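Protein chains in written order, with numbering that gives the first Met the number 0: chain A, 0 to 501; chain B, 0 to 471.
Rather than coming from a laboratory, the hints here were simulated on the basis of the structure.
Calculated lysine to any residue pairs in the SDA-like style (CA-CA distance at most 20 angstroms, straight line):
id	chain 1	residue 1	chain 2	residue 2
1	B	K224	B	H188
2	A	K75	A	R494
3	A	K62	B	G432
4	B	K24	A	G107
5	B	K24	A	P464
Which stretches of chain A does chain B cover? Using the computed rule of at least three CB atoms under 8 angstroms from a CB of chain B, they are:
id	segment
6	27-34
7	422-433
Among the chain B residues that face chain A by a calculated CB cut under 10 angstroms, a handful are:
id	residue
8	D338
9	A395
10	S396
11	E404
12	V428
13	G432
14	I433
Being a predicted model, the structure only gives us computed values, none of them experimental.
All C-beta atoms, glycine included, are put in the ideal place defined by N, C-alpha and C.
What follows is the residue order along each chain.
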Amino acid sequence: MPSRPIERIVIVGGGTAGWMTAAALSHMLSGQKYAIHLIESEEIGTVGVGEATVPHIRFFNQKLGFDEADFMAKTKATFKLGIEFCNWGRSGDSYIHPFGAFGESIGGVAFHQHWARMHRSTGGHPIEDYSLPVMAARAGRFSYPADDPDSLLSTYSYAFQFDAGLYAKYLRAYAEERGVTRHEGKIIDVALESESGFVQSVKMDNGASLSADLFVDCSGFRGLLIEGASQSGYENWQHWLPCDRAVAVPCATAGPLTPYTRATAQDAGWIWRIPLQHRVGNGHVYCSNYISDDAAATTLVDQLESAPLAKLNQLRFVTGKRRTQWSKNVVAIGLSAGFLEPLESTSIHLIQLAIGRLLEFFPDQSWDPALASEYNRLMDLEYERVRDFLILHYHATERDDTPFWNYVRTMPIPDSLTHKINMFRERGVVVNYRDGMFLDASWIAVYLGQRVIPQNNDPLGEAIPEAELKAQFDRLRSDCHLAAQGLATHADFIRQIGAHAH
Amino acid sequence: MPIERIVIVGGGVAAWLSALALAAKTSCAIVLVDTGGIDDSLGLPVAIEATLPSVAELHARLDIDEDQLAAQTGSSYGLGRALSNWGESGAVAFNPHGEVGANLGPVAFHHLMARVRAEGGTVNLANYSVAALAAQTGRFAPYRGDGRSVLSTMAHGLHLHVDGYRDYLQNAAMQRGVSVIEGVPEEVHFKSNDRIDCVRLSTGHIVEGDFFLDCSGPARHLASKMSGFAFEDWSAWLPNNDMRVSITPSTSPPPLYAHIEAHDDGWQRFLSCQDWVEELVFSRSAGTGAAGTYAFTNGRIALPWTGNCLAIGGAAAVLEPVASTQLHLVATALSRLLDLFPHSRESSVEATEYNRQTVEQLENARDYAILHFVRTDRSAPPLPERLTHRLSAYEASGRVALYDEETFETWDWIALFEALDITPRRYDVVANGIAGEAIAAHFERVRAVMLKAVSSLPPQLSYLQSQKAVAA
Numbered sequence: 000m001p002s003r004p005i006e007r008i009v010i011v012g013g014g015t016a017g018w019m020t021a022a023a024l025s026h027m028l029s030g031q032k033y034a035i036h037l038i039e040s041e042e043i044g045t046v047g048v049g050e051a052t053v054p055h056i057r058f059f060n061q062k063l064g065f066d067e068a069d070f071m072a073k074t075k076a077t078f079k080l081g082i083e084f085c086n087w088g089r090s091g092d093s094y095i096h097p098f099g100a101f102g103e104s105i106g107g108v109a110f111h112q113h114w115a116r117m118h119r120s121t122g123g124h125p126i127e128d129y130s131l132p133v134m135a136a137r138a139g140r141f142s143y144p145a146d147d148p149d150s151l152l153s154t155y156s157y158a159f160q161f162d163a164g165l166y167a168k169y170l171r172a173y174a175e176e177r178g179v180t181r182h183e184g185k186i187i188d189v190a191l192e193s194e195s196g197f198v199q200s201v202k203m204d205n206g207a208s209l210s211a212d213l214f215v216d217c218s219g220f221r222g223l224l225i226e227g228a229s230q231s232g233y234e235n236w237q238h239w240l241p242c243d244r245a246v247a248v249p250c251a252t253a254g255p256l257t258p259y260t261r262a263t264a265q266d267a268g269w270i271w272r273i274p275l276q277h278r279v280g281n282g283h284v285y286c287s288n289y290i291s292d293d294a295a296a297t298t299l300v301d302q303l304e305s306a307p308l309a310k311l312n313q314l315r316f317v318t319g320k321r322r323t324q325w326s327k328n329v330v331a332i333g334l335s336a337g338f339l340e341p342l343e344s345t346s347i348h349l350i351q352l353a354i355g356r357l358l359e360f361f362p363d364q365s366w367d368p369a370l371a372s373e374y375n376r377l378m379d380l381e382y383e384r385v386r387d388f389l390i391l392h393y394h395a396t397e398r399d400d401t402p403f404w405n406y407v408r409t410m411p412i413p414d415s416l417t418h419k420i421n422m423f424r425e426r427g428v429v430v431n432y433r434d435g436m437f438l439d440a441s442w443i444a445v446y447l448g449q450r451v452i453p454q455n456n457d458p459l460g461e462a463i464p465e466a467e468l469k470a471q472f473d474r475l476r477s478d479c480h481l482a483a484q485g486l487a488t489h490a491d492f493i494r495q496i497g498a499h500a501h
Numbered sequence: 000m001p002i003e004r005i006v007i008v009g010g011g012v013a014a015w016l017s018a019l020a021l022a023a024k025t026s027c028a029i030v031l032v033d034t035g036g037i038d039d040s041l042g043l044p045v046a047i048e049a050t051l052p053s054v055a056e057l058h059a060r061l062d063i064d065e066d067q068l069a070a071q072t073g074s075s076y077g078l079g080r081a082l083s084n085w086g087e088s089g090a091v092a093f094n095p096h097g098e099v100g101a102n103l104g105p106v107a108f109h110h111l112m113a114r115v116r117a118e119g120g121t122v123n124l125a126n127y128s129v130a131a132l133a134a135q136t137g138r139f140a141p142y143r144g145d146g147r148s149v150l151s152t153m154a155h156g157l158h159l160h161v162d163g164y165r166d167y168l169q170n171a172a173m174q175r176g177v178s179v180i181e182g183v184p185e186e187v188h189f190k191s192n193d194r195i196d197c198v199r200l201s202t203g204h205i206v207e208g209d210f211f212l213d214c215s216g217p218a219r220h221l222a223s224k225m226s227g228f229a230f231e232d233w234s235a236w237l238p239n240n241d242m243r244v245s246i247t248p249s250t251s252p253p254p255l256y257a258h259i260e261a262h263d264d265g266w267q268r269f270l271s272c273q274d275w276v277e278e279l280v281f282s283r284s285a286g287t288g289a290a291g292t293y294a295f296t297n298g299r300i301a302l303p304w305t306g307n308c309l310a311i312g313g314a315a316a317v318l319e320p321v322a323s324t325q326l327h328l329v330a331t332a333l334s335r336l337l338d339l340f341p342h343s344r345e346s347s348v349e350a351t352e353y354n355r356q357t358v359e360q361l362e363n364a365r366d367y368a369i370l371h372f373v374r375t376d377r378s379a380p381p382l383p384e385r386l387t388h389r390l391s392a393y394e395a396s397g398r399v400a401l402y403d404e405e406t407f408e409t410w411d412w413i414a415l416f417e418a419l420d421i422t423p424r425r426y427d428v429v430a431n432g433i434a435g436e437a438i439a440a441h442f443e444r445v446r447a448v449m450l451k452a453v454s455s456l457p458p459q460l461s462y463l464q465s466q467k468a469v470a471a
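With the rest of the complex left out, here is chain A:
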């Protein structure tokens, strides 16, 4: 039945994307006759901004058989319960987008609908009071979620913050053990088959050439093969996501270890703060139309909690997506496939998703175009839906204090997003869909966190008397608070499970 299998795979580029791909392919295709090669150059730095992850990464690690404590110790990882967003809806605001839902539906009507009703009628408490992971994050506490679905302690999930460079190293050792061959060098030329336009081989600066059936382009922004050779084209999203530069620098941790990432809005962008075991990763993502590189760097350094531990690292990017992420025999994974700023820690998830899909639609020598077509359809949807979610963070704001915020607040947004925001604002309905990593709870967190509050009641919810709701709300709020206080401190928990770096 199957036509001739492919035999050789060349991954162009190391870094998180390259080594995640190499590790996953070497594991999932083990025992089969695939030769997997990876080319990387020590001279080319990796971007490594994607140090914060989403819970899906745990499935990737589990599939590969990683021991969680060992992985955490070797990548100096911390636990992550969500992201705190400061100054987004208004200056002075703070909300946490947690890995978990707020409350439970009551009488068949979603919790947030009841919350909005109480909020309109009596004010009441912020929605975060009804989320255990937010309460735990605010208290700097963490423990593993419970298995018992009836327990409040099962109402959250978690991810990690880790050193992406160390993660790549960890994956490299794993992949090399499973037969992946690493080549040190820079690619100086790409040979195409004249008729088909398929990539035949890549030439390295040491003179050697590597040919392959399938090329995975993990070369980062440049898209060495997907753009350089295959000229896939790039869909530019800068009119919706105008930030185009970043400056990054680590510093030492001051204060207790927090189990969450922070994104603090600035005059022309935002600053990330990612706590690791041994340091804090910081970076300022900004729009060069509204602030100079020097001013952006100063803004970052001024807000560091301690002295910088390294030189500032400057990055440039264009938000958007490659028109076809799989073109002929080249599949782009990672930043070569598209760039979405790390506001919601999506980079590593999109890599993981692409690897899974590549395996699902793994080609053979017949290069059936239907494979790439379905792969591209699914990846496009994923990128577009992440894009809309990111745009929401900028657009749903009341800030009018700088030209940058005036632009994003008033810019035209995709119709699909306009409809979503209207549905929530008018009626509290979250428009949802099958493919797309952010589920209802995430949209609710950001809507409410950025002051998009439903203006009207869900008529079905009005059947429940307010006093009854209030009693249930009060109980849940107190339970969340108590449960959070009962968890270990983040640092203690890491030590308890033996996940601290030695």
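Could you slot chain B onto chain A? The hints should help.
Chain B in isolation, oriented as in the chain A frame:
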């Protein structure tokens, strides 16, 4: 101003289910205008309706116990469909409700099936489905455990005795205060553009309301009066336009499945409930309106919800029941309406979202229906673009391309592809890393576990009797 008065037009199953749902979940006053005549409120007037498992969700939301419902209405249970003559081989295939087989490590069962076949083996998916095995042996009881038993992979629908079901719904709705008035709308009066004020009936009565549901089937007494009304005709892909019904008393236990058979000119369905067997014949030849036949056109209206008028069931879309979608489309429409119930009489955002979801759902369900005929009907025009993509993606990868608002999930599509003798050219590459013997052992184990579980089930009739005893 909130909606306080709802008018439902149509006296069939769709109308009474709508009445019950709205009476149970809203505080509105509800008037049902019973238009009489045959019950084509679902689209096609059948005597026994095969439901998909998903209908249970609305029943649960309305506190309807399906076991009691079956016992009291003369209905029985359904575990899938037997299909004959739909593929090139002419073989009989079974499309079960629920899951098939079990993954082996990271590899999905259908990819294992393809691998076994690539090595010369034969696999019939019905041998690895609890629903199919139970249906073959006539055994059934719903599974209510914690999900650890293999029985949890079985899903079931109902073979609803429509008259009994309608009476049941009517009873429940009237108990909740729904009032009925007989008559057929003759004039529709508007307050403003697409805002119906009242309906004047053939009896001279005037019925006023804030919100109107058109459940009058293809007559579309209200929907056809709305501005921009348009009917999108699906006949090019689904050309059948004539249904012949015959119903006879049955003496044997009802099979747990519908049997659908493809003909050169249409198709035929046999379906049983407790005391009846129904035979439906669909064709495109007659359309003469001869006695005992019903003429129809497959298709949908452009916008099911316009202004303050929502069309549900056959009024919104007619889709011949080759895939048993009629009640599913009504039940999900009602769930959607409850989720999106307008917060005020003037509001329109809910309609926008309702229409988006509904149109998406209708087109996906339509494509599933069209797929049935791709092997038997060679004169058909090019398939809808999305269906073409689904076919080519499946043939190329063994993966099912799914979209938002699907009625049918991965196994439903695969089982139908199988019945049509459409098989993928390749399978999950990871399956090659598993030894052939390990796969063979896995298949044996899965089948043995399933057979054992099925043998623990009672004959369906015993279960129905026990439920009748509870009801009495």
